[in-house]
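Q: Residue numbers (the numbering used here), protein chains in the order written: chain A, 8 to 150; chain B, 3 to 474.
Mixed in with the good hints, there may be bad ones.
Said to hold, decoys possible - On the chain B side, residues computed to face chain A include the following (Cβ under 7 Å): (1) A64; (2) G65; (3) S113; (4) L127; (5) G131; (6) L145; (7) I228; (8) L393.
Keep in mind the hints are simulated off the structure, nothing from the lab. In this text, a Cβ means the ideal position worked out from N, Cα and C, and glycines have one as well.
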Amino acid sequence: MTRSRTIRSYIGCVLLIAFACASSAVLLKRSIAGEIKPTFNAEMAHLEKKLERAKTYLTPRGIIGYIDDDENVLKSAEAARAYIMTQYILAPLVIVKDTDRKIILGNFSDRQTGIAIAEKNGLRCVADLGNGAMVLQRKAERK
Amino acid sequence: MFFLSLALPVFLGISILYACRNDRRIPTARLYFYLALSTGLGLGLSSIFFFLWISVLKATQAGYVYFEVSLLALALLMAWHVRRRKKRGEKASPAFTGISAPHSSRMISWSFYILCTSSVTSFVLISLGNLHGRWDAWAIWNLRARFIFRGGAGWADAFTGLLDWSHPDYPLLLPGLVAKCWSFIGRETVLVPIAISFLFTFTTILLLYSSLSILRGKNRAFLAGITLVASFQFIRFGAAQCADIPLGFFILAVLVSFAVHDFQNVPDRNLVILAGAMAGISLWTKNEGILFLLAILAGRAVASLGKNGFRALIREMFPFGKGLVPVLAVWAFFKLKYAPSSDFFSAANTGPLSSRLTDWPRYIQVAKLYLGKLIRFENGLLILACLFLLLVGVEKFGKNKSRILAPLTTLLVMHGGYYFVFILTPYDVTWHINTALDRLLLQLWPAAIFSVFLAAKWNFQSKNPTGEEERT
Numbered sequence: 008m009t010r011s012r013t014i015r016s017y018i019g020c021v022l023l024i025a026f027a028c029a030s031s032a033v034l035l036k037r038s039i040a041g042e043i044k045p046t047f048n049a050e051m052a053h054l055e056k057k058l059e060r061a062k063t064y065l066t067p068r069g070i071i072g073y074i075d076d077d078e079n080v081l082k083s084a085e086a087a088r089a090y091i092m093t094q095y096i097l098a099p100l101v102i103v104k105d106t107d108r109k110i111i112l113g114n115f116s117d118r119q120t121g122i123a124i125a126e127k128n129g130l131r132c133v134a135d136l137g138n139g140a141m142v143l144q145r146k147a148e149r150k
Numbered sequence: 003m004f005f006l007s008l009a010l011p012v013f014l015g016i017s018i019l020y021a022c023r024n025d026r027r028i029p030t031a032r033l034y035f036y037l038a039l040s041t042g043l044g045l046g047l048s049s050i051f052f053f054l055w056i057s058v059l060k061a062t063q064a065g066y067v068y069f070e071v072s073l074l075a076l077a078l079l080m081a082w083h084v085r086r087r088k089k090r091g092e093k094a095s096p097a098f099t100g101i102s103a104p105h106s107s108r109m110i111s112w113s114f115y116i117l118c119t120s121s122v123t124s125f126v127l128i129s130l131g132n133l134h135g136r137w138d139a140w141a142i143w144n145l146r147a148r149f150i151f152r153g154g155a156g157w158a159d160a161f162t163g164l165l166d167w168s169h170p171d172y173p174l175l176l177p178g179l180v181a182k183c184w185s186f187i188g189r190e191t192v193l194v195p196i197a198i199s200f201l202f203t204f205t206t207i208l209l210l211y212s213s214l215s216i217l218r219g220k221n222r223a224f225l226a227g228i229t230l231v232a233s234f235q236f237i238r239f240g241a242a243q244c245a246d247i248p249l250g251f252f253i254l255a256v257l258v259s260f261a262v263h264d265f266q267n268v269p270d271r272n273l274v275i276l277a278g279a280m281a282g283i284s285l286w287t288k289n290e291g292i293l294f295l296l297a298i299l300a301g302r303a304v305a306s307l308g309k310n311g312f313r314a315l316i317r318e319m320f321p322f323g324k325g326l327v328p329v330l331a332v333w334a335f336f337k338l339k340y341a342p343s344s345d346f347f348s349a350a351n352t353g354p355l356s357s358r359l360t361d362w363p364r365y366i367q368v369a370k371l372y373l374g375k376l377i378r379f380e381n382g383l384l385i386l387a388c389l390f391l392l393l394v395g396v397e398k399f400g401k402n403k404s405r406i407l408a409p410l411t412t413l414l415v416m417h418g419g420y421y422f423v424f425i426l427t428p429y430d431v432t433w434h435i436n437t438a439l440d441r442l443l444l445q446l447w448p449a450a451i452f453s454v455f456l457a458a459k460w461n462f463q464s465k466n467p468t469g470e471e472e473r474t
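Pulled out of the complex, with its shape left as it was, chain B reads as follows (with noise of 0.2 Å):
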């Protein structure tokens, strides 16, 4: 049941994917893609199912697997209905624009594959010194797990403002889909918070180096992966069992499924869909969903002006908001019902929150904390990513800038926003940014390594199998 509980909402997503996708033959890099994507969006529409499962129909916990398994029996039988209606009019894998050369250097991908081994090896030793997570996990997540899953009917005392430091107000991805997990097996086990952690840690992975592999080529793809898979903090923070690592997944996966339906010469409709839902699953995800929402429309506004402006943004927001739309609405409906008011928020209004916003000094101050953190971020990956980037230069894409442009866009906002949480912060903010701002840099970093590797300029040699050299 263990399997089988974190199984179906994978095969759910991928029956999702399979019935929409719009080519014919997947090439491998295009099936680990589609494969990081199905597993993201089946947990995440697995967790919301169950938190509607027991919100809206207040059905027993234990009832829920049957509805997952017929949920995902429905799934597969229209996936095969509409790829049977779609055969005759179906295209070829769709070209992409500033491809490289698919094969890939030895070392590289050597490398790649003997630090994901080290990696993953870590990470399992990490977890088991750490059963129930790290501090967060055990004081936020875990815990309204273990309150959803032990409280039977009385689910919603989870919620209770009496306990406003385990911020009862967060949304519900983990702690729905980990008692969701539990409800199946019928009992509680630590295997089930390290099983999601490893799945969303190393997925992450997986869909950082698919989507740059269909992009950019393998070269890149690999070593922007050994970039991500070396990440101290990264797998560290994966093993934690917090919400930080599936938020940054949901990052990318938005981030990720726009670059491709940019950067393909027939664009897909279906991606941008996806990416709505994504993004709503972000939200469902963490608070920082919220201002994540608001980057990722500055994104799509600097990538429409390669396109016909505003108008291309507004015929994109249609699709987008397909996808969207329902997830929002239950956000929307647990933000309203259940959650307390952000401790945050209810902090900040006691305070005199004019003061702070006009306190120049602590411009200053959080200026020179942020950037401390940056510089240190990942002992310094960050700083030699950008020295890569530097060394090896940008490419000049002439008509596709904007859409280069875009996902940094998206990550410049976001940072806007975490520098203006912490000018407004009613707690002292040494102590806020040193015990909050590298989770939340780890949220934006398989992002930030994406946007790299997507705007370097690399002029590698390697040999395709054939024994002919290559430049990719």
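This is chain A alone, in the form it adopts within the complex (with noise of 0.2 Å):
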């Protein structure tokens, strides 16, 4: 019975190792050959430089709304995606997703697509910062 049990023991224990081994090997594989997905470090560097020179037209605090190519943002993964970066880097203002805010920043893919798009929701551009970035206002609504 003690003798039954212990080369179950053994069995259970090098099942086990050997598992561990097998899985341990593939991660320290994948983490090496970089697959260890999703990896946001060249968006989020690439997004950074994008909004670098927004901070100087912003306060720190306060509340701006936020528009992009994917007008229905958060829609769509990439959309989400680039709205929640931005508002991480732009913390502590806070970037609300609509248009009907004093100052409104547009994050588009370029600057035609950014003008068209403003023009469309009566906004205009207050300073273009260049890699489709840019400073917008509402507008002064004609009577």
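Make one complex out of these two single chains by using the hints.
A: Now the structure itself:
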């Protein structure tokens, strides 16, 4: 009885160690190859650079609006990611995904697209930050 | 300053536990056990004190460094004073029921060390590839830390309801800790959240190893450590800078504190106070801590069956409450004064809650998805751990049976709670389970491994340093 239990203990132990070694080796191999996804370093660095100048036009605190190529922000994963990253980079400024604010940050793929979308939404460009980033304001309403 | 910002809380935890311990000489396993608990306790308390500093005292963040240094000096003084008073009345280290031989098999111990090295390397590489952590880290935890650190006097903007997607109702263990370290250093650095994640991930492994080493001997402890250290998702999420692994640490800390208390021939009230404090810090870590509090009460109710029943449970709740209530009060203050209502409940209120509760096919759908995730969890490692338990069998503990069942009951209640969360979720149930369940299971994973190896019947021969064979 004791011997059979000892054998079973050995088998259990060897099985666990073998599985653990395999699992650890796969993790190590994938980590070395940089395959543990998703990684956002490059995307974050790119956006940080893009928004660098925005900080000079915006107050450090307060609430501003936000608009991008995909006007329905948070519907597509990429647009949602860009919006949340923008919030992360510009915190403690609160960035709200609407255009009914005094100042609106535009984060577009390029300048032309940005100008067109801004026009369509009744916004005017206050500062072009380059790379499709713009500080926008609502145009004065004509009576 | 970077090193100091993390070392101070750890030393604070060490001084508190040093003053509280009842044993005179500490064996190595117990030393690791205290060290692991001290680290978690110190980091948790540091986050709580920082929050009180900026919210109640409304003091500048930069000034907190002096407060924490004074706190440590006070804790050291108290530890020295208490130890001096205790010295005469000290007891030797308490004996344990059912402990096996202390020597370990070389094969198992070397496997553990090699796998630890491999996992540390993986952790570092993953962290380098994700300097800001995974999505949840920069969308929730590090974002909140930036709001607190950069916001200065306006740090409470972090809890605006306008950013409901970032769960502003989540408690502040991680953001508070990260912001505190940044204020120590005087600038932001990604090294802080990475180092905090590293501490929690590998301290969890140390706590699992040391607690089982005390309770069941080194072989089982090493094997349990191997199971955790080789868990693919555990290391991956450990480097994610999210709060799931820290919560897993505190859940394990509560269970092992109670287990060590239960198995000691001389029960240690201080361990129950510590368990209460750790349960409180789990509340301060994530909202799931609320469910854990209920689960731990259910677990203790089961444990008390083996003692004097209900009266023993009530008696135990006093020291538990001593540790829990102060942290609970801070948590309640945060929830009432700063946190907006949870998006889960806000969304749930807008939808037909009763219709979800009476939607019977939904129960089957959730059960299927839940079981599927459980089977695939950690690439089948959970199934392998269960197979291991079947292979070696379960110990017959006699009067200790309820003590073994206590952590299992806690885990079962947690699973039941998670199951009902998915029944009630206002979101698409498949999407919610696919995006959240793996993380929820990881919170319970260290505690599940602890429960398996605590209950396993083990018959393994190893040689002690004198060359004699012994069974463990």
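Q: Provide an ascending list of the numbers of those earlier hints which the structure does not satisfy.
A: Violated hints (numbers, rising): 1, 2; every other hint is consistent with the structure.
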